[in-house]
Amino acid sequence: MPQTFIPDDYRIADLLNDYASGVAPLDVLLARYGVTAERVRDLAVLADQLREVLVTVSPAASFVDDLYRELVGHKRAARTLWGRVQNMPPRVKLAAGIGGLTLTAGVLLITVRSLSHILETLANRAEAAGESAA
Amino acid sequence: MMTMPPGRDYGQAEDAQLVAWARHDTEAFGELYRRYVKKIYNYVYYRTNNHHDAEDLTARVFYRAMAHIDSYTDRGIPFSAWLYRIAHNLVANWHRDHGRRQIISLEEYIGNELPGEAPEHSAESGEEREALLAAIRSLPEDRQQLLILKYVEHLSNAEIGEIMNRTEGAVKSLYHRTLLALRDELSRLQQKVTISDHGSRPRRQKSHR
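Chains as they are written, first to last, in my numbering: chain S, 55 to 188; chain U, 40 to 248.
Quick caveat, the hints were computed from the structure, so don't treat them as lab data.
Yeah, the Cβ is synthetic: ideal placement off N, Cα and C, and Gly gets one too.
Just so you know, not all the hints are guaranteed correct.
Unchecked claim - What follows is a list of derived Cβ distance ranges for each label pair:
(1) U:R73 with S:D81: 24 to 32 Å
(2) U:R135 with S:V82: 38 to 46 Å
(3) U:A59 with S:V77: 52 to 60 Å
(4) U:A55 with S:T156: 48 to 56 Å
(5) S:R105 with U:H137: 34 to 42 Å
(6) S:G88 with U:T112: 27 to 35 Å
(7) U:A209 with S:S112: 47 to 55 Å
(8) U:W133 with S:S112: 42 to 50 Å
(9) U:D48 with S:G88: 34 to 42 Å
Stated by the list, open to error - Cβ-to-Cβ under 8 Å is the rule here; a few derived chain U residues that face chain S:
(10) E66
(11) G69
(12) Y72
(13) K77
(14) Y84
(15) M105
(16) Y111
(17) I125
(18) N128
(19) L129
(20) R176
(21) Q183
(22) A197
(23) S212
(24) I234
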């Protein structure tokens, strides 16, 4: 219940908000807030018109369904490397596997060859050092 | 392919729980989407006045929400309010990119006739509706937002306050001022139409009940 010290504007704002929310019919609210009909009638009519014009619309069902599929099917798991690998198509996975193995084999081959080269060089040096000492 | 983790009842879960799950579970995000897609669409539709842009912006709202869901923390702002804020920002950008608000013609409006509306609207009521929509679109952004949230989304003043970052009292007051501004704008538009129609055909003045 509004207090007497509340300025008119606040009472009218409360009344109009209650009216928009459908709390009670206008005449009941006018009596409750002690406001004369002349002061709010045109605004109440405007509120009625807004209720008629601003109706809920429905998005196309196909739009709602398509967007749902896009969002839920979205590759959120793809944030990690493992997630990305899991979401790859089988052919890409196979190609990536072959590529990975080839790369690994190449690196291993180079490493082994380099190591054997180093070992051979060291062995030659040791042999040369032994001969010169002799 | 994602599978539903055991013990998760998406339909019964509260928004906050779904948000927590949605950080690693797209099905949980899908449930949030189902709950709010129509509301966000409505909000965007009334701010853009066409279905194409409403669909585009609605999709962007949910993509952005999904991309940033990790950064969402419930600090007194419900998930729904967070979504509306994203929508509000995207719509504001859309209006900025389009230079000015679009004023659609009556023919275009009728072409976009809202689903579920009765077809027997007379030309007169169509003109009144168009005038009212034009007047709404001439209002500042925050007032348009308030009217849509109140009348289309049927949100309470407290909920509107959470979205608009205002107190409930401020929302009430803004609503009152919005009605006054709308009344003045309608009156101005009617005067303009009456003047432009002068000599062509008589025009009935709107009678207030």
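Hints and how they fare:
1. U:R73 with S:D81: 24 to 32 Å: Roughly 41 Å apart at Cβ, these two residues miss the hinted range, so it is violated.
2. U:R135 with S:V82: 38 to 46 Å: 44 Å, holds
3. U:A59 with S:V77: 52 to 60 Å: 36 Å, violated
4. U:A55 with S:T156: 48 to 56 Å: With a Cβ separation near 49 Å, A55 (chain U) and T156 (chain S) satisfy 48 to 56 Å, so the hint holds.
5. S:R105 with U:H137: 34 to 42 Å: 29 Å, violated
6. S:G88 with U:T112: 27 to 35 Å: This hint is violated: roughly 45 Å between Cβ atoms.
7. U:A209 with S:S112: 47 to 55 Å: At 32 Å between Cβs, range violated.
8. U:W133 with S:S112: 42 to 50 Å: Given range 42 to 50 Å: violated, Cβ gap about 21 Å.
9. U:D48 with S:G88: 34 to 42 Å: With a Cβ separation near 50 Å, D48 (chain U) and G88 (chain S) fall outside 34 to 42 Å, so the hint is violated.
10. E66: 6 Å, holds
11. G69: The hint holds - G69 (chain U) has a Cβ within 8 Å of chain S, the shortest such distance being about 4 Å.
12. Y72: 6 Å, holds
13. K77: Where the cut-off is 8 Å and the nearest Cβ of chain S is about 6 Å from K77 (chain U), the hint holds.
14. Y84: Holds: closest Cβ of chain S sits about 5 Å from Y84 (chain U), inside 8 Å.
15. M105: 6 Å, holds
16. Y111: With a minimum Cβ separation of about 15 Å from chain S (threshold 8 Å), the hint on Y111 (chain U) is violated.
17. I125: For I125 (chain U), the interface hint is violated, since the closest Cβ of chain S sits about 14 Å away, which is over 8 Å.
18. N128: Where the cut-off is 8 Å and the nearest Cβ of chain S is about 19 Å from N128 (chain U), the hint is violated.
19. L129: 15 Å, violated
20. R176: 12 Å, violated
21. Q183: 10 Å, violated
22. A197: Hint on A197 (chain U): violated, closest Cβ of chain S at ~11 Å, above 8 Å.
23. S212: Since the shortest Cβ distance to chain S is 6 Å, the answer is holds.
24. I234: For I234 (chain U), the interface hint is violated, since the closest Cβ of chain S sits about 21 Å away, which is over 8 Å.
Checked against the numbered hints above, the structure violates hints 1, 3, 5, 6, 7, 8, 9, 16, 17, 18, 19, 20, 21, 22 and 24; every other hint is satisfied.
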